[in-house]
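A.B. asks: Start from the sequences and build out the full structure, keeping to the hints where you can.
Protein sequences appear in the order of chains H and G. Okay, so the first sequence: first residue is 1 according to the working numbering, each after it adds one. Okay, so the second sequence: first residue is 1 according to the working numbering, each after it adds one.
There could be a bad hint or two in this list.
Same chains, same names: a pair is fine if it fits in one copy or spans any two.
Straight-line Cα separation of at most 30 angstroms, BS3-like style, residue types lysine-lysine; simulated pairs [stated by the list, open to error]:
id	residue 1	residue 2
1	K348	K246
2	K190	K172
3	K238	K103
4	K279	K53
5	K238	K319
6	K360	K279
7	K238	K214
8	K360	K238
Source of the hints: derived by calculation from the structure; they are not laboratory data. These numbers come from a predicted model, not from an experiment.
2 protein chains.
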Amino acid sequence: MDKTNHTEFFEDIDRCSGRYVEELCDFLRIPGVSSDSGRGRAMEESAEWILEKLRALDFRGGIHFAGGSPIVMARQEYSRSAPTLLIYGHYDVQPEDPLDEWKSPPFEPTLRDGAIYARGANDDKGQFYTYLKALETYKRIRGVIPLNLIVLAEGEEEIGSKSLMHFLNQKKDQLHSDIFLVSDSSMLSKDIPAVTCGFRGIVSFEITLQTMAKDLHSGLFGGIALNAAEVLSDLLAKLKDSGSGKILVPGFYEDVRPVAEQERRAMEQLNYDEAAVAKSLGMTKLSGERGYSAMERKSIRPTLDINGMWSGFTGEGSKTVIPARASAKISARLVPDQQPDLIFQCFKDFVAGHLPAGVKADVRYLFGAMPVLAEIDDPNVRLAAESIEEGFGVAPAFIRSGGTIHIISEIKNTLKIPSMLILGWGRPENGSHSPNEHFYISDFQKAVRSLCVLFDKLSGHEEKR
Amino acid sequence: MDKTNHTEFFEDIDRCSGRYVEELCDFLRIPGVSSDSGRGRAMEESAEWILEKLRALDFRGGIHFAGGSPIVMARQEYSRSAPTLLIYGHYDVQPEDPLDEWKSPPFEPTLRDGAIYARGANDDKGQFYTYLKALETYKRIRGVIPLNLIVLAEGEEEIGSKSLMHFLNQKKDQLHSDIFLVSDSSMLSKDIPAVTCGFRGIVSFEITLQTMAKDLHSGLFGGIALNAAEVLSDLLAKLKDSGSGKILVPGFYEDVRPVAEQERRAMEQLNYDEAAVAKSLGMTKLSGERGYSAMERKSIRPTLDINGMWSGFTGEGSKTVIPARASAKISARLVPDQQPDLIFQCFKDFVAGHLPAGVKADVRYLFGAMPVLAEIDDPNVRLAAESIEEGFGVAPAFIRSGGTIHIISEIKNTLKIPSMLILGWGRPENGSHSPNEHFYISDFQKAVRSLCVLFDKLSGHEEKR
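C.D. replies: Structure (structure tokens):
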């Protein structure tokens, strides 16, 4: 592989570095917190800002509304024979609180120790912005970008992407693509970039049990009343085998796709330091399902967690009450090919089958998202890895994320895009959703480099030389 | 048994009925809610009101302070050879809320359907007041009360009786008594009065488990993090066998005194309608320990209840968090001869023995009270039963209450009083602690009658005739 012809990209990126960073700071100054309904103007401003940058690159497009925050959709057509890339990003950010834990104000981007500190620097304004600058550098160097490109940016990712999901269904025909590109994930570690080949899905639900008409006095009724907290504890304890960590809900593992030995071996080679991770989490050792490594348990295996539970008196002191109601919020992370709806039904059946006579159970679906997985032999994944190796100077790890990015599965499944490239430019410790969120300028530059190389590879520029 | 010599009592009570009720209404008008720190004046007024009534009966006494609400202690000495009765009552009442559920204002006593409606009418002003009027009638008819009497009234029963417990220890020598009399309990049903021969004790504690340094993201850490809610559910589920209802904590049943067959048979004869009770509580059937009737389970058997539990996210919607902390409030009702401190230690040991490695548990004692039991062959209990049969025209049931009146066990144990007479004048449905609390005038009269007869019997008046 001749790398020399990418030198022009790299030099351009170095040359423009100061301006690129300043421009990103402008973007980060817009306080687009999507959970705050009073930030409508910031949402519009963000969308306009993105659209303006794309128009400067000769994209045609506009701002669309599908109920909530504006959606930017812009495109450039090159030729019928070129592949079509769909680049997705979100411009909304998490709330900035707790404010007093920020060393510099969240919406006044500050450069410190080689990084830009601001809310959204990493998630997802900074990572998304790498695409805009890669396109700019590419166009400047090569004169033309020989790809069909669609850029889709939304402002509701942090609150569920409802408008975009609606929009996807409306505009399905216009969004037909070959390759789906998104950077809203993480590198493996501070030195090792990553190609994320899959995300776990999720199903989230709430159980409320009612054993009696109302709470009763434990002196007068203790011994004859059925305690809802006790029934719930018994039920929750039956969901999982505490020894092996296996989930005991019939049907839960039925659709789990076996993982290739090759992928398990690759994971093993990442040398995930379980003891160090346990220590950093304040645990003596990591927990979980027997028969799998920690790396496997947190990525390729499904899980079950009680996210919250409550019953009876929870104030200060004591109240000798026998609770009539008890509730729990539960979620399961799903792996291919588990389906949220079917898994929810398994839980409902399990609950119904394990209740004492006369107990009423309300099991309510909260939300779900499908797991996603890149096709294992996708040549584009290989091209992405080669590009990243050039851009970062180190080969990326292929990982599966244990988390769920709802909109990624929505886009992939709704638009049936065959190729999925999820490239993490942020370090795990960059503080997405936390105070002092930041993005390293060097990572930003390496990401832009990688993307320029990738555009060359995807357009067949290298082969044509 | 010649009942005719009690006719004079009964006639006097009938004659004075109007005045007795009016006077009780005056007492009920004083809004002595002990949990409201702004009601200090009402507390003083209540204590003064009681002391004035006692002084009119030639009692000597005064008002004492031991930290909180005033304590009334007054006495009359008859002779060294006469038995000494300690009559206990409390003048403080529960808060009146929810106010809008009262048909008439809680501190404006109202007569309706033969009952006095007011906060405290039943618990405990009305029931305690029967003693004051029985003493008045008795003295008027017999000229003298041939008993040594101590009346002890406090104003903190509804908030834990702390001052009185302090006072008991200070004045132990002055409070030496032979018979302890209190009416702060219930009749068995609206037609059947009751002699309560025992109360369950209690131990109440709080458990907090911590599995990790902080809550974690269920996507990124699901599979390796130890969920505190899960560990707590497992632990709570192990406390009791859900099939048999037996408490599985080693040592829990060790000191439980076997119940005499005679007492179990007597309970059986009460014909407690389990199906009707279940229906009224909104249950298909009553729950509890196998091998015991409902009446036994709620009175002579110890119990265990989760009074509250909480962990993780309990707000609206969902948050995919793995909780690092989970808590529960737990209480056990105890029977003779279980001791709160020893039982607490059993639970602590059980918790310590059932935790996964690395989990921290904080098990905190909240409060405890000893169970109490009347001596089974106490001749005074028989005399009380005979007196009640005369006063009410129906024999009382001998019952054990499943509840706990902390101060009763404190008084009995601190002062080591051999005889305990707990006589319930209020009907179970009289609404203690609830809106529209009331006390039937006919029950009030029958109680005063019963007490006059009892004073005759305890003083040996009948034998002397």
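A.B. asks: Indicate, hint by hint, whether the structure satisfies it.
C.D. replies: Consistency of the hints with the structure:
no.	hint	verdict
1	K348 / K246	both (18 angstroms within a copy, 28 angstroms between copies)
2	K190 / K172	neither (37 angstroms within a copy, 73 angstroms between copies)
3	K238 / K103	neither (46 angstroms within a copy, 47 angstroms between copies)
4	K279 / K53	neither (45 angstroms within a copy, 70 angstroms between copies)
5	K238 / K319	both (28 angstroms within a copy, 23 angstroms between copies)
6	K360 / K279	between (42 angstroms within a copy, 15 angstroms between copies)
7	K238 / K214	both (26 angstroms within a copy, 25 angstroms between copies)
8	K360 / K238	both (18 angstroms within a copy, 23 angstroms between copies)
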